[in-house]
Structures are given as structure tokens and as C-alpha cells.
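The task is simple: from the sequences and hints, build the whole structure.
Here the protein sequences come in this chain order: W and R.
The numbers in the first sequence follow my numbering, run straight up by one, and end at 1919.
The numbers in the second sequence follow my numbering, run straight up by one, and end at 1919.
If you are wondering where the hints come from, they were derived from the structure by calculation, not from laboratory data.
Each statement offered as a hint is correct.
Identical copies carry no separate label here, and so any pair may be met within one copy or between two of them.
No more than 27 Å apart at the CA atoms, straight line, and that leaves these computed lysine-lysine pairs for BS3-like:
{"hint": "1", "residue 1": "K1258", "residue 2": "K1371"}
{"hint": "2", "residue 1": "K1774", "residue 2": "K1805"}
{"hint": "3", "residue 1": "K1308", "residue 2": "K1701"}
{"hint": "4", "residue 1": "K1552", "residue 2": "K1318"}
{"hint": "5", "residue 1": "K1701", "residue 2": "K1451"}
{"hint": "6", "residue 1": "K1701", "residue 2": "K1318"}
{"hint": "7", "residue 1": "K1318", "residue 2": "K1280"}
{"hint": "8", "residue 1": "K1701", "residue 2": "K1552"}
{"hint": "9", "residue 1": "K1691", "residue 2": "K1613"}
{"hint": "10", "residue 1": "K1552", "residue 2": "K1293"}
{"hint": "11", "residue 1": "K1308", "residue 2": "K1691"}
{"hint": "12", "residue 1": "K1451", "residue 2": "K1613"}
{"hint": "13", "residue 1": "K1552", "residue 2": "K1806"}
{"hint": "14", "residue 1": "K1653", "residue 2": "K1308"}
{"hint": "15", "residue 1": "K1280", "residue 2": "K1371"}
{"hint": "16", "residue 1": "K1308", "residue 2": "K1552"}
{"hint": "17", "residue 1": "K1677", "residue 2": "K1691"}
Remember, it's a predicted structure, so these values are computed and weren't measured experimentally.
There are 2 protein chains.
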Amino acid sequence: MTDQETPDTVGMPAPPTVPTVRPKRVSHRGRHVAPLASSNKIDEEVPEFEPFMLLPKGLPPLMEYLDVWDVDMIKQPHEVNKQKHHTNLYSNDYLIVRRAQEFQIKITFNRAYKPVEDKFAVEFVIGASPQYSKGTYIPVFPSKERQSIWRGQVLETSDNVVTIGIITAPDCIVGKYGLYIAVVTPYGIRRTRRDPKLDVYILFNPWSPADAVFLDDEEEREECVLNELGVIYHGAYDDVAERSWNYGQFEFGILDACLFIMDKGDMPLTNRGDPVKVSRKASAMVNSRDDEGVLVGNWSGDYMYGVPPTSWTGSVEILRDYSGSQGMPVGYAQCWVYAAVFNTFLRCLGIPSRVVTNFFSAHDNDGNLKMDIILDDKGRVDRSRTRDSIWNYHCWNECFMARPDLPDGFGGWQVVDATPQETSDGMYRCGPASVAAIKNGQVCYPFDAPFVFAEVNSDVVFYSRSMEGTLQPVKVNTKHVGRMVLTKAVLHDGRRDITDHYKFPEGSAEERLVLEKAEELGCQREKASLRPVDIDVEILAQEVQLGETFDLELQFTNHSAQQHVVDIYISGTVVYYTGVPSAEVVFQTPTVKLDPKQSKKEKLVVRSEAYLKKLLEVQGNLHFIATGKVKKTGQIITAMRLVTVHNPRLTVKVAGSPRVDEEMYVTVEFTNPFMFSLENVYVRVEGPGIMSIQTKQYRIIGPGSSITWTENFSPRRAGSTKMMASLDCAALRQVYGETEVTIQE
Amino acid sequence: MTDQETPDTVGMPAPPTVPTVRPKRVSHRGRHVAPLASSNKIDEEVPEFEPFMLLPKGLPPLMEYLDVWDVDMIKQPHEVNKQKHHTNLYSNDYLIVRRAQEFQIKITFNRAYKPVEDKFAVEFVIGASPQYSKGTYIPVFPSKERQSIWRGQVLETSDNVVTIGIITAPDCIVGKYGLYIAVVTPYGIRRTRRDPKLDVYILFNPWSPADAVFLDDEEEREECVLNELGVIYHGAYDDVAERSWNYGQFEFGILDACLFIMDKGDMPLTNRGDPVKVSRKASAMVNSRDDEGVLVGNWSGDYMYGVPPTSWTGSVEILRDYSGSQGMPVGYAQCWVYAAVFNTFLRCLGIPSRVVTNFFSAHDNDGNLKMDIILDDKGRVDRSRTRDSIWNYHCWNECFMARPDLPDGFGGWQVVDATPQETSDGMYRCGPASVAAIKNGQVCYPFDAPFVFAEVNSDVVFYSRSMEGTLQPVKVNTKHVGRMVLTKAVLHDGRRDITDHYKFPEGSAEERLVLEKAEELGCQREKASLRPVDIDVEILAQEVQLGETFDLELQFTNHSAQQHVVDIYISGTVVYYTGVPSAEVVFQTPTVKLDPKQSKKEKLVVRSEAYLKKLLEVQGNLHFIATGKVKKTGQIITAMRLVTVHNPRLTVKVAGSPRVDEEMYVTVEFTNPFMFSLENVYVRVEGPGIMSIQTKQYRIIGPGSSITWTENFSPRRAGSTKMMASLDCAALRQVYGETEVTIQE
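What follows is the structure in C-alpha cells.
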């Protein structure tokens, strides 16, 4: 190595290529002109006076010109704006209106307004660096000659008071705007000072045909936008359980929490007028993965550092905790909690939405339509090799909007899912995916349709593993997954079966075409052609109370003309609702002889002592799977049954005069039915609109002991509502009770 | 409040709802059966002996059965496997083959193999908990009677040695597999012990028609898979600059770094056979946003904690730093660095790919086709209100694959872009988006097509801002963005203009239909109908050396039959290549008189002192924009021109005998052409295949001083390559030089 160096150069060692200390964030200089506007927080920089030119000395008096003395936002819940915009229920002192629909404000000037001479504008701003071309600065002119993208008109003048009507654009940014009145003088523009009391929220508008979320059905709007109470379904498709929920979208602080969620997620303001983008971003922000969103998921049973998912009775506490702590994720959630909080968010901002439950949901799929169960060479389930699990049920949301980014025909209900899904490339957001597209197998349109399609359409493939380790598919159950999709009925507490929104009838020609279409578009199915069955086995349905000993019944049917002998393995496992097995608690291996064309029942006694302890640890269900080999033919037969074990209930009673502001009482009663104590028991009671959440802890409730807890309260609002209570402790969860309450004025 | 409490309950205060301490990760218990297999790392758990049953006492001697004495993976670069699979160039001791194509291994047993009696399998495993149904455990049988999803056959037997041919599935997982030989005995399965020397990498195979990445063009495959050297275009569309790059995909450690990137991103193994998913995941992982990926972006000019983006000459150092530090993101990158490292990743794994450059790229778009420039009421550019910036150029990747998830016709080249984009909802990944779909405006198919469409098709909309603050569009330039798309020619250093892959010809009927289609699918354009122009202005092209004083020429053309006077504002700004302005360095306001039908040139002298200092701070270009008002008509006219200022070059010379292992010398020479010193100067030189990276630092190079640096080296490989050098310091970047070198055996 030779160097010809001038006297003032000195070769130095090569610089390290991996720095050990680096600051977290790099300046935006060179990358952006200015930081991106991704927060609703209103900048303080709109100038009070914008001169047109250098002002001459000795200004003529500006008092000849219009001066603003007062602005009335007409924002009381009983006044015209909130009444006509269906925003009167929000517990919020500011004006709240919906877009693409006229609202009114009254400006009091120093003198009467002269339409020809006087020029002024009502200006709306949102976020930092407001700009007209970005929809973050919008002047509204009251005169016909000049109109901006939001329209204005003088509705009425009376002395010094002018009533202005304003119609916002149907795709304007949803959020909280600041308001100024700007008066044009020959020397420049004079503005009112920033006054937060004039701030106005502008929301999505399902009542306006011009808005992308337009829903042309008044009852659906009342249910999916205005109803704060809901019912969420869970359990098993043949033993559906219900859980009431307080979405509370109009409660104090919730609207601001929703705007905070979008700010926390750095969602650019320019995207906040598009319901497709808002719902997609929120499906990421409602879970805490990646982005410090609202909820931390936890299925483990260890909830020490938060609230057990089954303990929540509503979204309000969760959203207030999140925004109150400036965005510290709240623990804990499972799928219905994600869906319920997401529902609150959507309804609060004005996007019609509902929570749906899919029974037997293939949640952790990779877009393929196969959920595998591995059997050993005898036909017994090999749990160590079976890694897939089908969720007993899964809750997601549907929201209603047009889809201008897709070809015609895919607007309407869209699936969005905030529960993180692990197998699909780190996807912690899902949707919106058009329900119509999913039904028709058109899974090539955004967003994430293949995953939702697989959730409702996967096949369960039973593989038989030979001694040498190869696998052969021996049975394909095409009916198991996506057994039923339920949502709450409109405006009453019934169930609406919407399975046919997602799937054509089982076995129909359309169903076959749809699955072929989806396969063309990449969803792989098991195509093994299997022999038709001689022998059927079915496990019959059961309704079981927690702690009962019960009989499990299997029904065998021999369709053939030969006698057959079947070796059966019956395995009963305690499973989490995600289908993940915890412990096998029942295992029997009867041999069943069947005469030609015979139907026969086989009974299995399931003792309380066998399952109770394990079931209480896991708070799940009992999953029975029967598999076996027909001796003569080697054919594999299978049956599965999920048995929901019903918990004890709370008794909730309400007493007192059912009127606003009157004194009333709620009593919650519970008796411990077990032979062991319950320790560190939390009871929670909530009455949407009438009583805020109350909680009480009991250190111990002994075997057979009862508790009775009474609270007094004073209803804030009139109307029909519920008093809902939950009881939770490590040994026993999901104990609920409720009662309906109607309050008069 | 009354409580009826049993003696052993005590009411306790309500639990806190917001815990202050919470562990970072929640157990997967209840959520998954087992942790997801998202790492290539091979589990050690495949048992050495798997008994079929309880073994009797006193086993008969197992030596009657086949015993494996040796396995030859036939893995030398000159041997048949690597030669036929085009994997002989990897600097890697393991066997590397491509999928869907036969490769051979030789097994030496203890005795001759008896096809009828002897049963054995060659087993491949990848990751943790290998399973057949997930494609992570694959047994290969040599006999026709039984075949698994990978096919095997005995090619040859010779004494104790059996040569097996193995064909992997065309969609198998890409990664590094462990290998076992499993022999079936009546008592159980005997396996070889885990031996890492038998590990085999299986890659994508563009030579096989069965593989989704099949590319039916041998020269394209040699360029886009096998070529380690590339050329990246930058600068301006009418003054294109070139930069050589060492992709180095076959260099030592790079293949493992690529697998590490997928592991670091927790990419599920089951997704790693799908090039759509692999390229999508990598577009997220190549940038460090969200997921501790490879590169940290930095455009600010302050590169103290890393290597300046313009200083890199290849990907090798970057990828080795990243994997060597177990995934600490490497600083710094700008768009070509992201694209180049991404290109190495794709080519290394076997997905054909190339880097493309789009001149005038609307990178930070929100799917809308409008880039706004705000003019004041006189027609002068209002920089404080103009927030959009168009990148002078932007580099992304195209990779080649079928798109089975889309309707027919959208396979082939796909756009993927790893440079983070800020305005689209936090998108730090982009693509794959079908180039054919983008050309045809079919932006409704996944992934992220609207953003790529807008990058090449946005209009530049000039708004005039009235005194009262409203904006009117006064000019729309539809030709500016997406002026030209270039990539390197196949197998030689020329340019290939591929603009017509992305766009129909300007003004054609197809172009109009495409833009209408995209608008139907949600991309909004400016639809103002503007008057046709009487007066044109154009800024003529320039080639300028750094430090020169030069003339800027404007050409005015008066198409009308009237005399016109135009007030022009000419602004020259130093801009980053992202179009972000740094400082205005030229501002003149001539008035131009034009006779009817006259063409006239107006000259502007741009002095070196005016721009040099600011330009050196920013290392960008000079952007001139002329805007003005025609006095009589009020019409606004505009012109824009980017002037690339050419840096001094390095001289690179190579001496010595150009043969493998001979001693050779490279000399790098540079003279500082300025009147000021350059301090802390780093010079970097790299010769792919012949000399590893050398760097040298000079504390100071005085005005007019020269440096000469010579290194000796010994070429490792024969073939055509380049010696590439770069010089970098705070005051001067992007100084390059290179020379071609051909090495004989």
C-alpha cells in the first residue's frame, strides 16, 4: 500500500460502519417541506390581521367595517342543529353536526349587515398548517357570487344578527374544527381571535345520500348509529349465549377519545374524510400491536396486570382509560372486546356498524382453506401434531359504506376485524372487505378478503399419519367452519341470522362456483377424493350446567348392508374459546358393533369431578371428538361436538321510582354453588344512561355463601336501558346478570 | 349504600383500572396451541429413534438393517447440482438448489441397497415443530409405490452407494432445510443424527415453468437473477446520471442475511413459498420503520451517526452489518439504497428483479392525482403555502412473478417499493402491484396500486390564491410527473426506457380511458376546465458543472395575433432530490414584450456565488420555476426546469496482471476544484469479486490539492467486473469514479 499524501492529509483508520448510539428520530428536513398534518389539534397560527400591503401611516378608522360582537353556534341539544343532525345524544358542550347537511350559526355584528358592500367569510380550520387544497382550511362565503367547496347562504337577518346556513362537503375531513369569522377590509383581512367555544365537530352522515356512508333505512340507522346498547353472541352455534354491552358512544369523553385514537395513530388528516381509510386505520389502532393502540390481547388466563376480558360490560371505561392516560394500551381484550370497542368508535364517528359473531371461525388462517387435524394410524387424534385450532366463535365488525375504490356492486356492509391475526404476515389490521365480494368468492379486491373468506369457509381436513410419517387425508368436513353468523336484530334484543350474507346454501350450485372462484384466486383447498361413507357417527347436543355430571350420547348409523365393527376413540378436552386445548379430561375407547342398516346410541357418562377443575382454570368449553376406524374397511369416521357449560347467573333487581333524578336502588345477588371458596371476587355493575360503573371486591365468598350488594343511583336520562352486572374471579368468570329498566321524564 | 355481607367478606376499594406496570409480552397460552413457526432456525427435536411400540427385551441386532455411513450432498460449485441449478456463484459451503428441479445426493450404506426389502426416506425439516401438513417436514421416498409431495427416485446404485434424485414441490418453502435419512425397521424408525453439514438451501427457480417466478427469457434471467453488478439511474430525465452498484447477492453471508431478514420480521414459514408474500414482507423489512428492518432513512444532510446514503457503493456491507449486529438497523438510506438492497434480497433468493427509476415522481401522494403549487394573486409561487413536493426521481423495484391471487393477465413484472411513504396511512410497505394493472388503470387489485399509479400519473395543479384566501386552479400540467421510467439494459450497461410499460402515449385515446378508469376507482383529478393558452414559456435545458456561472434561457412563444406583455417571476431554488426546497438563490422579475406570433429568448445569468454554498449544503439540484401573468388577459403561464449540477469525478485506474490470484493495484485520484478546504473526507473503493471494500479518511484536502491513493489486491474471481470508488464529506458528496476490469482465469 502506498500513499502519495500532501503534507496536510493524514490517513486515519476507516470509520466504524455500525454506530453504537443513534438518536431515535431523524429530522424531516429534506424529506418533507413541513411535518405532515396527522393530528387534529388545531394550530394557533391563523393570523388576526392579514394586511394586503404595507399599511400607510394613519389608518382610517376600521370601525366603519363589520366588527363581530358575538357568535352563537346554536349548539344546545334541543336546538335545531343537533336535533336535525341526530347529534343531540352526545354528552358534549360543543356543536356537533354531520357533513353534507345544512347547519346554522348566528353572528351578531356591530351594525346591520349590508350584503353588497360587506364581505366576510366563516372560516373552518383543522390541524396544523391549514390549507385549502388539503381540505384543512375552508372559507365559507354567504354570497351567491362566490362559493368555496362548502356552501354558505344568509338564511335570515334581524337587526345586527345574521343567521348563516352552512353545508359542508360530503367528503370533508371528520374531526373537530376551529372557527373564525374573517371580514375583508380594503387594507386586509380582520379575523376574530381563536375561541375554542366556537369549535365544531363534523361527523359522517348516514342520513345524507351524498355521503359515502349513506344508509337508506331509518331503523338500521337508529340501531347501527344511534343505539348505545347492544347484544354480543358467543358460546356454540347450537347453544348460543348472549352478553349485553354498553357501547356508550355518546358518553362524555368518548368522541374526543375517538379523535385521539386517530391522532395517536398518526393518521393524516387528509385521509379522515374517507370511511374506507378510517375504518382500516382503526382496525389497526384498536389493537395495541405495532402502534400502541387501545387494547392488549390476552387469552392466557393470567390477567393480573389488567381487567379480565370477560369482566368488562362496556366500552366507555376502556376508551376513557386509553385517552386519559395519553394512549397507554388497556388490558385485556379478547375478540368480542376488540369488536365492541371498535363498534363504539365507528358509531361515534357516524359510520353505521354492528358486531357479528361467526361460529366455528378459522381465525389463524393463511388464506388457505385447510384446518388440519392429525390422526395416528389407529385413527386417534394426535394432539402433539395437531397445531391448527378453530375458534369456537369469533366476533368482528361490519360497517356500512360505498366502495368507490372497487368496481360496482361491492358497496354496503364491509368486514373489519381488529383482533390481531398472527399467521398472515404480521397483519394486525383487517378490512374493510366487502361482504358481497366474500359471498361471491371475489377475494381479489382489497382489503384482506382471502382471510375473511377462509374464516367462514375453511374445510377441516383429517389426516391419517402412517408409521413412516406420511400423511394422507382421510376425511374432509366442509360444513364445520362458518356454521352460523349472527348479529343483533334491529331495535330489539332478538337474533338475526346473517349466514346467507356470507355464504350460499350448503351444497348449492352457487356455493360450488364460489369455492372454485376462490380457488382460482389462490385459496387452496384439499382436493383428495375420498370414498363415500358407510358409517356415520354424530355426537348429540347437550345443555349442561357447571358442576353437573351428564351423559354424552353418540349416534351411530350403518348405511351399508353388512355388519360392521368400529373401534372408537372418544376424547373430551377442555378448550379455550380459541379452540386451543388445555387438558384432556375424558378418554374412552368403546368398540361398537352395528348390524346392517342399524342406528344405535352409545352413552358416555361425564362426571363433574373429571372436568370441573380444569374447566374452571380455563373458563372455556368441553370439546368432544370421536374418531375411529371401521375394522373391515379401514375407513375413518369422525364426529365433533362443542359442549357449552353454563355458568351460574347473577340476579339483578332495580327498585324505586323510575324517573329522571329520582332516587333508585340496584341490588346484585349471587350464591356460590360450589364446594370451594371463591377468592378476590370483583363484581361490576353498569347502567347506561342511568348509573355509572360501580365495582366492589369481595375477599372471599365461601362454599354455599351468598352476597347481596345494593347501590343507590339517580337516572340521568329517560328511555329504555339495562342494568348489567358481571362477577369475576380467578376461579370463576363470565357470571352475568341483567334487568331491563325504563325511565320516564 | 347497604351491604348484606357474610362475616368473611370485606368490601375493599375498587381495583385500579389502569395498571402502572405490565410485562411486555403476554404468554401465547390459550391463544395458540404452540408458538408460531416464524423462524428458519432448525429445531433439534427430530428424534433419533421412533419406536413403533414398546420394544421387547433383547432386541435382535439392528445391524441387519440399512445403516447410513455417509451422505455426499454433491455440493461443490463445479459439480452437477450447483451447475444445473445456477447456484454455483454463491460463496457458500452448503448445497444450494432451486425448487421444482431435480438434484442428487449420494448415500453410502453399510451394504448394498435392496429395493424391495429396504425402506428408507430422505427427510427435510425447516424451523421449529416441523409438520408435513405445513410443508415444514417432508419425507422423500425413493420408491415408485409411495411418493410424498416431493418426488424421489433412485438414479443409480453402485456397491453400497445409492444416488437419489429429489424434486421439491414448485411452491415449497424457500429457506435452509436440515436433512435426515430415516430407515424403517420392524421396531421403529432409525434416523441419522442431526448434521448441519448436510443442510441444504432451497430457492425460487425462474428456470422452472412450474415455479410462480418462472421467467421465460434466458438473458433476462442472467441479468435479473445472476448479475451482481448494476447501474442505477438518477438526476434529471433530460440529464440522466448513472451510479454503479454492487448488489453482491452471491457474496459470503448474504444468503443467510436474507433468511435472517425474514426471521427478524417474524414471517411465518408457511408463507415463505409464495413470492407475492415474500416480496411484500420484504418491502416492509428493508426499511426500519415499525419493525427494526434493515435501513434507516435520512434526507436531512446530518449523517453523523451513520454512513451518508450517497457514500455506499453496494449492498454487501449493509446486509452484513445488519445480520452481524443481529438486526440493528443500518444508517443511512435514501430511495436508491432501499431499492438496491431490496434488489439484492430478491435476486439472492431467486426472484428475478431490477431497480427502476421514475423521473419526477409524486412519492408522497395519498392516492389522489394532484400535486399542488400555490401562486399568489400576482402569479408568484407562494412557497409558504406550497407543501407538496415532487421527487426529482424515485427508485423502486420490479420483480417478476405470476399473480394467482388476481384475475388473469396481471402476472409478470410487479412494483415493490421499500422507501417509506408517509401520507398513506402509515404505509411502510408497498406492493407487489402489477405493472400491467397500473398501465390499464385497474388500480383496484392488491397491493397498493393507487399509490404507484399516482407516482407516475399525478397532475401538477397550479392554484391562484386570491386576497381573501380562496384558491382557483389556473393551470394543470399533466405531463410533468412520470416523465420517464428507466432501468438498466439486459447484460450491458445501457439504458432501457420502460415508460411505455407504465403509461400509454401522452394524449392517446387509451391514456384518456385509463385515467377515467382510475378516477372511477377513486383516484381524484383536478377537473377544472381552463382556457387554452395564447402564450407558452419554456426553460431550456442546461448542463452545468459544479462551480460554474451559467446562463439560464427562457423561450417565450406568442401564438396569438395580438401584442402581449408578460410580468414574469423567475425563482431558482436549491432543492433536495425529494423536491423539498432548501433556499431560494435566484429571483428575478423581468417584463417581456411579445409581438404577434413572436418567439423570443430571455437570458438570466446565474452566478456561482449565488448558488454554490447552498447547493453544497444540500447536495441537491437547482429547480427553476417561472410563473407569470399575461397583462391583457390575466392568464397564468408557467414553466419548470430542474438543472442538475455535475460534480467533479474521481479517476480510478487499475494496473497489474489481470489474472486470478495475481497481484494488482488500484489507484484513486482526486483534485479539490474549490477555493475552500474539504475536511473529514472518506474515500471508499470496492471491486465486486476482486477486492473487498477499502475505505480511507483524509482529515483535510486543501483548495486545489490532490490526493492519490493506491491499494494492492488479488482477484478472487474471473470475469468482467468494475472497480468503483466514491468520495464523501460534509461539504461535497456524490463524487464517483469507476473503471471496467476483466480478469482471466
